[in-house]
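Chains as they are written, first to last, in our numbering: chain Z, 1 to 387; chain G, 1001 to 1494; chain A, 2001 to 2272.
It is worth saying that the hints were derived from the structure and are not from the lab. Be careful, since some hints might not be right.
[To be verified] Covered by chain Z, according to a simulated footprint, are these stretches of chain A (three or more residues, beta-carbon under 8 Å):
| no. | stretch |
| --- | --- |
| 1 | 2068 to 2074 |
| 2 | 2160 to 2168 |
[Claimed, not checked] In the DMTMM-like style, the derived pairs of lysine to aspartate or glutamate whose C-alpha atoms are separated by at most 20 Å in a straight line are:
| no. | chain 1 | residue 1 | chain 2 | residue 2 |
| --- | --- | --- | --- | --- |
| 3 | G | Lys1491 | G | Glu1054 |
| 4 | Z | Lys158 | Z | Asp379 |
| 5 | Z | Lys160 | G | Glu1054 |
| 6 | G | Lys1395 | G | Glu1456 |
| 7 | G | Lys1136 | Z | Asp90 |
| 8 | Z | Lys222 | A | Glu2234 |
| 9 | Z | Lys261 | G | Glu1126 |
Ideal Cβ placement from N, Cα and C applies to all residues, glycine included.
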Amino acid sequence: MTRPPDFLVGLSDSLKGRLVSHAAGVVFVAVALAGFALSFEANAPAESAQERHLESYLELNGVDFGDPLDRALFRESLDRFYPGQAARNDSLLQAIDDARVRRWSGPGLRRGDTNRGFSPALLPEIAWQFAQFLLVYILALLGIYFGAERLGLYRFVKWKQGRESYLGESIRIVREYRHARANSRVRFPKGAVALDILKALGKGILTTLFFSPAYVIAYALKTSVDTSSLPFMILLALVSNGVLIQASNRFFELLVAEDRKGYVRTATVKNLHTSYEWNAKEGVPVRVLYRISQNLGPHVLRHLYENARFQFIPAMKELGSFLVTGLVIIEMALNIQGRLSYNLLQQILFGRYDVACVIIFSIFLAVKGTEVFVDTWHDFERRRYGF
Amino acid sequence: MKPFEISIAQDGRPLIAVAGYPVAEGVLTILFGESGIGKSLSALAVAGLVEPAELTISVDRESYAHYLARGDVREYRASGFFVFQEPSSHLNPLMTLRRQLNEGSLARATNEPDVIRRLWQGNEQEAASILDVYPKPYRPSGGEKQRVLAAMAFKKMSLLRPGSSGFFVFDEPTASLDNRLRDEFIDLLVDYLPQAPAAVLLITHDYSIVARLTRRHARLSGKVAFKEMYLVRGKQEVRDFEPREYLGWVSSLKPLGPGTVPAEFALRVASGMRVLSRSYRFVRKEGDANAATLTVYKGRMTYLKGGSGLGKTTVLKTIMGLFEPEKMVVEIGGRRFTRENRRKDWSRSVWGRKMTMVFQHADEALNQRALVRDVFGGLPGFESSERNMLDALAKLFDAEAEGSFLNRPVYTLSGGQKQRLNLVRSMILQTEILLLDEPLSGLDLKASAKVIHLLEQQLARGSAILVVSHNEDIFDALTRPEDVYLLEGHKEGP
Amino acid sequence: MWCAGIGCLFLWDEIFLNAPAFDRVRAALFNTLVSGAGAVFLSLVLGWASGAAFFLLEQRRARYSFALLSLVANAIRSLPQVVLVLVGYVLLNQLILAEIIRSETAQLAWVTVTVSVAVFLEVSDTIRSRLEYFRSLEFIDAMLCCGISESRIIHREILWRNSREHLLHKLIALFGVAIFLQCSVDFIVSVGLSTNVSLSNVPLTLGSLLASVDSKQDILALSNLFSDPAYITEIVVRHLQGVSAAFCIVFTLVCFFMIANGYARSRRLNGP
Chain Z
1 MTRPPDFLVG
11 LSDSLKGRLV
21 SHAAGVVFVA
31 VALAGFALSF
41 EANAPAESAQ
51 ERHLESYLEL
61 NGVDFGDPLD
71 RALFRESLDR
81 FYPGQAARND
91 SLLQAIDDAR
101 VRRWSGPGLR
111 RGDTNRGFSP
121 ALLPEIAWQF
131 AQFLLVYILA
141 LLGIYFGAER
151 LGLYRFVKWK
161 QGRESYLGES
171 IRIVREYRHA
181 RANSRVRFPK
191 GAVALDILKA
201 LGKGILTTLF
211 FSPAYVIAYA
221 LKTSVDTSSL
231 PFMILLALVS
241 NGVLIQASNR
251 FFELLVAEDR
261 KGYVRTATVK
271 NLHTSYEWNA
281 KEGVPVRVLY
291 RISQNLGPHV
301 LRHLYENARF
311 QFIPAMKELG
321 SFLVTGLVII
331 EMALNIQGRL
341 SYNLLQQILF
351 GRYDVACVII
361 FSIFLAVKGT
371 EVFVDTWHDF
381 ERRRYGF
Chain G
1001 MKPFEISIAQ
1011 DGRPLIAVAG
1021 YPVAEGVLTI
1031 LFGESGIGKS
1041 LSALAVAGLV
1051 EPAELTISVD
1061 RESYAHYLAR
1071 GDVREYRASG
1081 FFVFQEPSSH
1091 LNPLMTLRRQ
1101 LNEGSLARAT
1111 NEPDVIRRLW
1121 QGNEQEAASI
1131 LDVYPKPYRP
1141 SGGEKQRVLA
1151 AMAFKKMSLL
1161 RPGSSGFFVF
1171 DEPTASLDNR
1181 LRDEFIDLLV
1191 DYLPQAPAAV
1201 LLITHDYSIV
1211 ARLTRRHARL
1221 SGKVAFKEMY
1231 LVRGKQEVRD
1241 FEPREYLGWV
1251 SSLKPLGPGT
1261 VPAEFALRVA
1271 SGMRVLSRSY
1281 RFVRKEGDAN
1291 AATLTVYKGR
1301 MTYLKGGSGL
1311 GKTTVLKTIM
1321 GLFEPEKMVV
1331 EIGGRRFTRE
1341 NRRKDWSRSV
1351 WGRKMTMVFQ
1361 HADEALNQRA
1371 LVRDVFGGLP
1381 GFESSERNML
1391 DALAKLFDAE
1401 AEGSFLNRPV
1411 YTLSGGQKQR
1421 LNLVRSMILQ
1431 TEILLLDEPL
1441 SGLDLKASAK
1451 VIHLLEQQLA
1461 RGSAILVVSH
1471 NEDIFDALTR
1481 PEDVYLLEGH
1491 KEGP
Chain A
2001 MWCAGIGCLF
2011 LWDEIFLNAP
2021 AFDRVRAALF
2031 NTLVSGAGAV
2041 FLSLVLGWAS
2051 GAAFFLLEQR
2061 RARYSFALLS
2071 LVANAIRSLP
2081 QVVLVLVGYV
2091 LLNQLILAEI
2101 IRSETAQLAW
2111 VTVTVSVAVF
2121 LEVSDTIRSR
2131 LEYFRSLEFI
2141 DAMLCCGISE
2151 SRIIHREILW
2161 RNSREHLLHK
2171 LIALFGVAIF
2181 LQCSVDFIVS
2191 VGLSTNVSLS
2201 NVPLTLGSLL
2211 ASVDSKQDIL
2221 ALSNLFSDPA
2231 YITEIVVRHL
2241 QGVSAAFCIV
2251 FTLVCFFMIA
2261 NGYARSRRLN
2271 GP
């Protein structure tokens, strides 16, 4: 029976250290969030005092908070008694409205009700929402990983080709036409210029799209598309908030940095291919942009790609965290019922901070899980390459 | 091929302007000159390996694009090879050395076993174990990586067809090799010369090569050319270098410092130091069973030798308190230091006060973004007035050290100027003990002579100097035999 | 380019947008930019201090202090930035209700501090990586051996002389992140549950402006372009408040991303 390679046996010391650090972080955050939740529970009696304070406004003779005129007069009175505190006065009016709603909505919504706050019965619902969140997150993260590498590679090859931008090219064509026109009759190359301008416009629109916050795109499409569907959410997470652009930019910069390193010159003097023309005999095949596994053959790009890919792995932690931020924003901003982040927003806005802490902890675990996975993967690669 | 006229500028600032850059087919040209003067960049330009986007280059008054398009230049590139200066950064860390040695056109070469056997001096097993590793900063050693790059060049040389011409450049190929390996490399290069109808350029600061070539390979006198590149009013010039000049200068060197052994020592290091899982001992000669205590006397210079990659720099850094040892006993100016001492003990009483160290690589040791005047900032006991700074620089810079020199960014200085600045910074501290790691690195003969004169002045002042250098010819002559130690080291078990 | 774009937008709004709405757009943009700049400045201070602290604690082998600082930093790093900012808004709400924070300026300052706490670790990581890089060279050791103090080496020689450009690049990029976070959370909080429950009434920013009913309707109107591309003329004339707010956000993010990238490339900041 063959012995497995050394790098697969056991964990390296550095990975063990990191895992201990991650575990300590989980415990630390769990304790901190529990403390946060309990401190708001401890303030519950103070909230009752606030309730009584609000009740006193509701008991005022001659003020009907359902009547717009009475509300306006009450608001003006507050501004007279508390001038320059518009925010405070607005908040008080909102709190009074809230207390009115609770008063007329039955005992189930009253603060201090034993059914409020966290209970184990909420766990299955939160777990299901978390599972859905995780599914979207993992699929989007995979998409970003592969998309970033391919886009970064594409940008790098274009950069090595040394071609100017579309706008720059169209300006050059116009200049050449002017110069040529001076000597002979030539037609204005409308088609070429128009095509370049269209390409530049398209690139600009795509860049704007990739950088737009998700809620801007989603609201723009809300009436045409079901913005709460899973595929739409995955697509939105991929293309919005600048995540894909930043990830591909990171990969591109890694390739550029590797290109400056000495081993590339050594590879050059060993007569490896150095052309970056698409599909040329000694150039770069277009299939590198869509194949999962790469075989770049005897080309210096192979050296660059392997090194950039190796260094890109730890960057996935940061990108994962940013993607989670994006997903949370998407779910909250689009008010998607039954989703984890929307649930979190509800709990915060209704003051159920203990439930909110449980949800925050679950989101934290998603990020932490990514970090553990990436650290393990990176460690595996490091040991494979003798680090 | 013939000597080239090369000019290179960056953002309008001229970097290189040399007529007669020495390249000749069928000739091994040894090119000396101060570090940073443009020897390597010129060679890269001739070999067609410079990135034209950032520099304005012309070769033989042709634009670089035209030069690269020439058929003969494409031939040099296809058939030639370039062994670059820093082996660590010129090997892919994610590919085994064996794969890199057999990549591209090298896959067709069949002389690998012979080359490996010569460069590893018959120890093919050791070579095999190294070739299967992924190169990292500290493994294999710098010398081993350099040998791998040299092996690539020799493999490429073996592929040269009759009638084709290649351009082979070896840029500082012996910097990380000890003397035995350096001599083996020279012998191997000389053996390959007749079969290679190529122009071979060897760029180096290692003047000991002169001794090897003139003594062992005198028959090659017509096939070997010694040249030196130097700066004259901001432009580079190339002249013939006389080996006798160097040999004569070395033979005129005398030991520095007083003949009698002083009663007082400044530094004492016990054998048995253990750091980074390696154990070190000092001996008087190779194979000596008795370990010695390294002693550096006031007013005397002690020379510590050892094989390449053994850990001489590590030992110096440990003596300096920069590494935490597992075991160490050092006496510095009468005070005892062991592994129990904390960083603050060194910081308060040793660094810049009792003892200082000059590091090998001036590019790393100096702040490249600082101005020359800033290099003197923060030094204890040194008042950084303009007068004081110019006086300090005058020790090694002559007429260069005028007022405007102080306002030059360090990165604009040549490698040799940086190394001299590196030395000046430490010497003005006037510490009791000076540790020098390759003090002549990157310097030409003239500058080396100045440094040696400065060392003499330091010794006369009563300083104690401990030096590590691979310039054995020079330091063996400058040091008395009783002040020479050999470092031995071995790896400790887990 | 950014100034030109915003200038053109203002010119257009001056002609086609009603005065009160234009005032709101201007105020929102001003508040957002000031808050973003403040967050960047605070991040620099916090990041510089924490980055240097990490390095020194490691150098001096102060294991327990280093472990504690790492624990806190890793916890902050693993919590999504939007959640941290949201928690900040919750605390802001409590402070407003308790009348500790009253003025709009103080509220904006609180938001600025919250955003900086969420993002300062990026500056800290940049500083740590620069210090680690120089530690791997002989740079630090050579200066220590000459008796130069550690704090001078770290702050003046490494961070100020050798890392200014890296830090500036990071801060430019961070400005975009700060704007993004602030606008997103403002939007979320302002949209709320579309009921009469509201978290707080912070000063107007681009995010809260975008979340107002009329702006949302302006953005919703964009979907008409699919069925009627000619509707673009209505979009840029009739639905300007929302479109202006959205344009300011997206255009600022794109521009600062490109500025950061261009700066990094011009200074060759990729890699050490």
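Comparing the hints with the structure gives:
Check on the stretch 2068 to 2074 of chain A: 4 of its residues sit with their Cβ under 8 Å from a Cβ of chain Z, so the three-residue criterion for coverage holds. Look at the stretch 2160 to 2168 of chain A against chain Z: 0 of its residues bring a Cβ nearer than 8 Å to a Cβ of that chain, fewer than three, so the hint is violated. Simply put, Lys1491 of chain G and Glu1054 of chain G have alpha-carbon atoms about 46 Å apart, too far for the 20 Å limit, and the pair is violated. Distance restraint check for Lys158 of chain Z and Asp379 of chain Z: the Cα-Cα separation of roughly 32 Å exceeds the 20 Å cut-off, and the hinted pair is therefore not satisfied.
Taking the CA atoms of Lys160 of chain Z and Glu1054 of chain G, the gap is about 14 Å. The hint holds against a cut of 20 Å. For the hint linking Lys1395 of chain G to Glu1456 of chain G, the alpha-carbon distance of about 12 Å falls within 20 Å, and the restraint holds. Distance check on the hinted pair: Lys1136 of chain G and Asp90 of chain Z sit about 64 Å apart at the alpha-carbon level, beyond 20 Å; violated. For the given pair, Lys222 of chain Z sits about 19 Å from Glu2234 of chain A by alpha-carbon distance, which is consistent with the 20 Å threshold.
Of the pairs offered as hints, the one joining Lys261 of chain Z and Glu1126 of chain G is violated, with about 28 Å between alpha carbons and a cut-off of 20 Å exceeded.
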